[in-house]
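2 protein chains.
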Amino acid sequence: MFPFKSNIVLDRTSNRNLYLQLCDQIIGFIKSGKLLPSTKLPGSRRLSEDLKIHRKTVIAAYDELLSQGWIETLPARGTFVNSILPIIKPQHFDPNTAQATKEKKSGFSFIQRPNLTPDLNDYSETGIIKVNDGSPDHRLAPIEEISRVYRNVIKKTYHRKLLTYGPVSGNLELRKILVNYLNQTRGLRIDVDNVFITRGSQMGIYIASQLLLSSKNHIAVGNSNYMTADTTFVDAGGIIERVPVDKYGLNTVALEGLCKTKKITAVFVTSHHHHPTTVTLSAERRMHLLQLAQQFRFAIIEDDYDYDFHYGNAPILPLASNDYNGNVIYIGSFTKIIAPAMRIGYLIAPKDFIDEASKLRKIIDRQGDSLLEQTLAHMIKTGDVQRHCQKVLKIYKTRRDLFCTLLKEKLDAYFDFEIPKGGMAVWIRLNKKYNWDDVVIQCKKQSVELNPEWKRYDNDCSGHNGIRLGFASLNESEIKRVIDCLEKALKMISTS
Amino acid sequence: MFPFKSNIVLDRTSNRNLYLQLCDQIIGFIKSGKLLPSTKLPGSRRLSEDLKIHRKTVIAAYDELLSQGWIETLPARGTFVNSILPIIKPQHFDPNTAQATKEKKSGFSFIQRPNLTPDLNDYSETGIIKVNDGSPDHRLAPIEEISRVYRNVIKKTYHRKLLTYGPVSGNLELRKILVNYLNQTRGLRIDVDNVFITRGSQMGIYIASQLLLSSKNHIAVGNSNYMTADTTFVDAGGIIERVPVDKYGLNTVALEGLCKTKKITAVFVTSHHHHPTTVTLSAERRMHLLQLAQQFRFAIIEDDYDYDFHYGNAPILPLASNDYNGNVIYIGSFTKIIAPAMRIGYLIAPKDFIDEASKLRKIIDRQGDSLLEQTLAHMIKTGDVQRHCQKVLKIYKTRRDLFCTLLKEKLDAYFDFEIPKGGMAVWIRLNKKYNWDDVVIQCKKQSVELNPEWKRYDNDCSGHNGIRLGFASLNESEIKRVIDCLEKALKMISTS
Chain A
13 MFPFKSNIVL DRTSNRNLYL QLCDQIIGFI KSGKLLPSTK LPGSRRLSED
63 LKIHRKTVIA AYDELLSQGW IETLPARGTF VNSILPIIKP QHFDPNTAQA
113 TKEKKSGFSF IQRPNLTPDL NDYSETGIIK VNDGSPDHRL APIEEISRVY
163 RNVIKKTYHR KLLTYGPVSG NLELRKILVN YLNQTRGLRI DVDNVFITRG
213 SQMGIYIASQ LLLSSKNHIA VGNSNYMTAD TTFVDAGGII ERVPVDKYGL
263 NTVALEGLCK TKKITAVFVT SHHHHPTTVT LSAERRMHLL QLAQQFRFAI
313 IEDDYDYDFH YGNAPILPLA SNDYNGNVIY IGSFTKIIAP AMRIGYLIAP
363 KDFIDEASKL RKIIDRQGDS LLEQTLAHMI KTGDVQRHCQ KVLKIYKTRR
413 DLFCTLLKEK LDAYFDFEIP KGGMAVWIRL NKKYNWDDVV IQCKKQSVEL
463 NPEWKRYDND CSGHNGIRLG FASLNESEIK RVIDCLEKAL KMISTS
Chain B
13 MFPFKSNIVL DRTSNRNLYL QLCDQIIGFI KSGKLLPSTK LPGSRRLSED
63 LKIHRKTVIA AYDELLSQGW IETLPARGTF VNSILPIIKP QHFDPNTAQA
113 TKEKKSGFSF IQRPNLTPDL NDYSETGIIK VNDGSPDHRL APIEEISRVY
163 RNVIKKTYHR KLLTYGPVSG NLELRKILVN YLNQTRGLRI DVDNVFITRG
213 SQMGIYIASQ LLLSSKNHIA VGNSNYMTAD TTFVDAGGII ERVPVDKYGL
263 NTVALEGLCK TKKITAVFVT SHHHHPTTVT LSAERRMHLL QLAQQFRFAI
313 IEDDYDYDFH YGNAPILPLA SNDYNGNVIY IGSFTKIIAP AMRIGYLIAP
363 KDFIDEASKL RKIIDRQGDS LLEQTLAHMI KTGDVQRHCQ KVLKIYKTRR
413 DLFCTLLKEK LDAYFDFEIP KGGMAVWIRL NKKYNWDDVV IQCKKQSVEL
463 NPEWKRYDND CSGHNGIRLG FASLNESEIK RVIDCLEKAL KMISTS
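Residue numbers (our numbering), protein chains in the order written: chain A, 13 to 508; chain B, 13 to 508.
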């Protein structure tokens, strides 16, 4: 007979009932073929003595197995493994190996996406400064304020309904408030039907890509371009066409030429501060771009994630503010103002596109976090968000000025850069005598981690030697340490 | 000269600065072709008098326009619309029509998805009872508890880092706690590398589909099947193969036959309580299914959203608990226990699949809500979630019993149903003499809204006349009202 006594291990400290543990293990033996169909099981008295447990525990386990169909009782004969179960050849697997198999490797094939980048740890370890490619400083997030408003939102009985399934396109209150907010601050002329709440700009780009680009649709982007947008387009099935970018932004004359040779479905622009080079699209090209969109009936995906961070003159109104023909899909976000983990953004587009976006969103994750959306709506209404934005804008401007001053002072021999008019990063071209990889290695030795290799935005391997260094998330002393570190690293490299 | 005075309308109550309003409107005139390149603009003194604003406001606006490249100043000649701007043929558009265009219709084409369903309002209006197809009662959500823990999480300085970009696969603390929780309660043998945090079961289904099903991959599902899963598979490019479902669940013998005729990439099962019919997959078929998965190397997508809601014997361990060959992708959720809007779920799979899921998630919405995930981790650790689950389980059992008793008592002549062993809905077949549409119309007259038409789960139009009626979200008096309403409706229909 099967050695129950030596094979069953019960853990009295576990949260799972003893009788269920017994059940689980017997099922395991059946499934693995150690207990074959029609095998007789020991009587409850005998098994309880063997395992030193109460007989009622064994009876409960057998009842459970019976009701689940794993065993059967035959009158006057006893309890047996159900005879109708398929016979399994015993797998003499080593539980350790089995676990390793489970952890590591699938027993089926699936689609690998070589274009997508793996998950990295973004949290800084103590003592290490990470220089990102333009993230806000989460230490400035108005988190007590959010927590307080969130709590007040929850307390209101009439907000209780927000806990159940709600509109896929987002909390209605937030959408209404965004209509006013965007019409007033950015010259849009939209209605609540044109607003779709996303989980940050990235989801806007993802959904727009999925709707616009099926296999072999062409999308025009700048050369260089925001890397994650590129991978999102490719993943949706799009073919990327690169258009040169100079100091006036995307070259629209080149784009026009492209449109004449092939059908362009969409054009991606970060009109305010081009990613990665931070240049602003000139007035002339803005108009030309809108004209082309109308003429060739393509969609403009305008990623304006940076709108709120303009340090000199007033921010330039987005293309969307002059879109009279429904060509612009306008994407923005609050994650840069508040905190990256507070994932609320928006996608503004003609109603027919929003309706389709909602249908897709429904199968992606059903809806956003309605309580957090309601909280944000409240904070825009009271002006808290706008005040916070003004506050951090001043801080980031100071940081930009310090960063650029020190760069010019201490590293002029190595770098070429322009002071960015806005945003959270400087676009720096390293003198081609040097190699970024060497700089990264030398900096790492001094506990400063620069952008990873795949974030250099050299999409077509032209060797431009440019990189984005984010200044906004670094405080004054961190900026000084980073510049010191770069200086030491480059001196080391140039003398070796 | 262009009539600035009559065309410019400044709103002193707006949040946007007067000078920016002036800018915006002049840009608008340029973009729409009303002000052509090289047109002379009025002097600042003259315009300030015309518009009755301070001269400094006009100067600020001109400075802004100059810096954005819309206008140019020629020494001793004055200010002009930039001569290098493209000449636009004036669009004599009616602002009202233009706005309507913007709201409604895109000036580009995009992919329409006829298989996806539109966004409906899920919130109940006052006085109307909505009978869903098996949602929890959000009125029972432990919202004060969540709010309190959330606040405590936020207060801790070492949680501040959670506000920045974090791991795509989810909060590490929650993943660690889920390893213990799932290993203990469901007999899994997983490690933290096998856990991926989603925004509810639906995102698990979406991501699994995107990774498994490219164009023309076949996925086997029950007939009938959970509608939203079907649409998610089709959207990913999958071809659906329907396998019969009887009172023991998915017919695995039929599945085996199917596997022999074509390559099946994945099989979707809700093993615990089949959706929509609520039957449980028998022990025999569970084993057979795992055997087939190994033999034919397909993935089993096990959607176990309902695991925690089993009213009779203990819940049956998932297929994933006996997956020694890495065939099972196990999907679960906390949205049913806590609240639909608190969108946290998980996907459990071999590490290679999880890595790929993370790469995809990165371009969908970058990451989940790390503060909410940390909050949930804490609530599982303290047992709050488990206690809440026990509490609502009792309430739902009482509701199920009342609902089924009344159904049997009052509506036996019209309906055929079995008492579900778990879950939040009863699968009811209406006598084929009657038509659900008539019942829906009659009920609506009494302010009771039944499931919409497309939720009848008649995937292959067999006319089974079945429907899911959710009891869990209805309290005692609401259940009585719904049964009364059904009774009246059916009496009305059968005598007419």
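Because the hints were derived from the structure by calculation, they are not lab data. Cβ atoms here follow ideal geometry from the backbone N, Cα and C, with glycine treated the same way. Please note that a few of the clues may not be correct.
Said to hold, decoys possible - Which chain B residues face chain A? A few, computed with CB under 10 Å, are given here:
1) Ile83
2) Leu175
3) Arg355
As the list claims (entries may be wrong) - Computed beta-carbon distance windows for the label pairs:
4) B/Lys116 to A/Gln307: 19 to 27 Å
5) B/Lys272 to A/Pro126: 28 to 36 Å
6) B/Ile123 to A/Asn29: 48 to 56 Å
Quick check on a hinted range of 48 to 56 Å for isoleucine 123 of chain B and asparagine 29 of chain A, using CB atoms only.
Since isoleucine 123 of chain B and asparagine 29 of chain A have Cβ atoms about 51 Å apart, the given range 48 to 56 Å holds.
19 to 27 Å was suggested as the range; check whether the CB atoms of lysine 116 of chain B and glutamine 307 of chain A agree with it.
For glutamine 307 of chain A against lysine 116 of chain B, whose Cβ atoms are near 21 Å apart, the range 19 to 27 Å holds.
Can you verify the interface hint for leucine 175 of chain B: is its Cβ closer than 10 Å to any Cβ in chain A?
Because about 4 Å separates leucine 175 of chain B from the closest Cβ in chain A, which is inside the 10 Å limit, the hint holds.
Do the numbers back the hint for isoleucine 83 of chain B, that is, is its least Cβ distance to chain A under 10 Å?
Since chain A brings a Cβ to about 9 Å from isoleucine 83 of chain B, closer than 10 Å, the hint holds.
Quick one: are lysine 272 of chain B and proline 126 of chain A within 28 to 36 Å, going by C-beta?
About 33 Å separates the Cβ atoms of lysine 272 of chain B and proline 126 of chain A, which means 28 to 36 Å holds.
Cut-off 10 Å, beta-carbon criterion: hint that arginine 355 of chain B touches chain A:
For arginine 355 of chain B, the interface hint holds, since the closest Cβ of chain A sits about 6 Å away, which is under 10 Å.
Every hint, counting from the list given before, is met by this structure.
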